[in-house]
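Engineer: Modelling step: build the complete structure from the supplied sequences, incorporating the hints.
The numbering used here puts the first residue of the sequence shown at 300, with every later residue one more than the last.
None of these hints come from the bench; they were simulated from the model. Just so you know, these numbers come straight off a predicted model, no measurement behind them. There's no promise every hint is true.
[Claimed, not checked] Listed next, with one range per pair, are the computed distances between beta-carbon atoms: (1) ASP404 - THR453: 19 to 29 Å; (2) GLY327 - GLY431: 15 to 25 Å; (3) GLU407 - GLY324: 16 to 26 Å; (4) LEU506 - SER343: 33 to 43 Å; (5) LYS445 - GLU319: 18 to 28 Å; (6) THR464 - ASN495: 31 to 41 Å; (7) LYS452 - TRP355: 28 to 38 Å; (8) GLY431 - LYS341: 36 to 46 Å.
Beta carbons are placed, not taken as given, at the ideal position from N, Cα and C, and that holds for glycine.
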Amino acid sequence: MAKDTLTEGKITQLLEWSYEKAINGLPGTDTVKELAENYLKKYSSTDKAIDALIRWQNTKGITSGFLTGLGGLITLPVAIPANLASVMYVQIRMIAAIAYMRGYDPTEDEVKTLVFVCLTGQAATDILKQAGIKTGNILARQAIRKIPNEVIKTINKKVGARLLTKFGEKGVINLGKAVPVLGGLIGGAVDGIGTNIIGKTAKSTFLQY
300 MAKDTLTEGK ITQLLEWSYE KAINGLPGTD TVKELAENYL KKYSSTDKAI DALIRWQNTK
360 GITSGFLTGL GGLITLPVAI PANLASVMYV QIRMIAAIAY MRGYDPTEDE VKTLVFVCLT
420 GQAATDILKQ AGIKTGNILA RQAIRKIPNE VIKTINKKVG ARLLTKFGEK GVINLGKAVP
480 VLGGLIGGAV DGIGTNIIGK TAKSTFLQY
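Structural biologist: Below, the structure is given as structure tokens:
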């Protein structure tokens, strides 16, 4: 297997890397908590703040200029295109901020796993059901902290497989060409996992405590 081939293992590494950077912030960017608090201060309700954040991600947050600049800030742990990593970072940051706005602690492993699940968009409900987790009110209660470690591992593996399939379908994983050809591949990555769908998935997954 070529060293630049995208694999589930590389997706998993990238998820972990992106989450850590989203939580703690890249140079010149807010942490997840700072981002969430900024939106909560601007709007009269949590729902309005979440909707505004999703709208922002659908415009400024996914432009080629933003991602190109962001790509210059990041040192990737694996051989993955900077634009793909940038998209994943931006979207994980959005989901984790939504979770925080709804009263969840993004530093908890269970919450992190649910953030990853939301990246799969419309497939999120199926992934959780396959793991034996009912969506809805159960995720809005303390029960979220009782998800067994083995179940978390199973969910994370399913997320990795799903994202690998999605990125492959959109042709994002031609690593030899991906870094210089930012524009089209950014569009492919964003289309492939659907920023707006992901935002709405996060909003419906992380219900208010």
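Engineer: Now look at each hint and say whether the structure bears it out.
Structural biologist: Each hint tested on the structure:
no. : hint                        : result
1   : ASP404 - THR453: 19 to 29 Å : holds, 22 Å
2   : GLY327 - GLY431: 15 to 25 Å : violated, 42 Å
3   : GLU407 - GLY324: 16 to 26 Å : holds, 19 Å
4   : LEU506 - SER343: 33 to 43 Å : violated, 19 Å
5   : LYS445 - GLU319: 18 to 28 Å : holds, 24 Å
6   : THR464 - ASN495: 31 to 41 Å : violated, 20 Å
7   : LYS452 - TRP355: 28 to 38 Å : holds, 33 Å
8   : GLY431 - LYS341: 36 to 46 Å : holds, 39 Å
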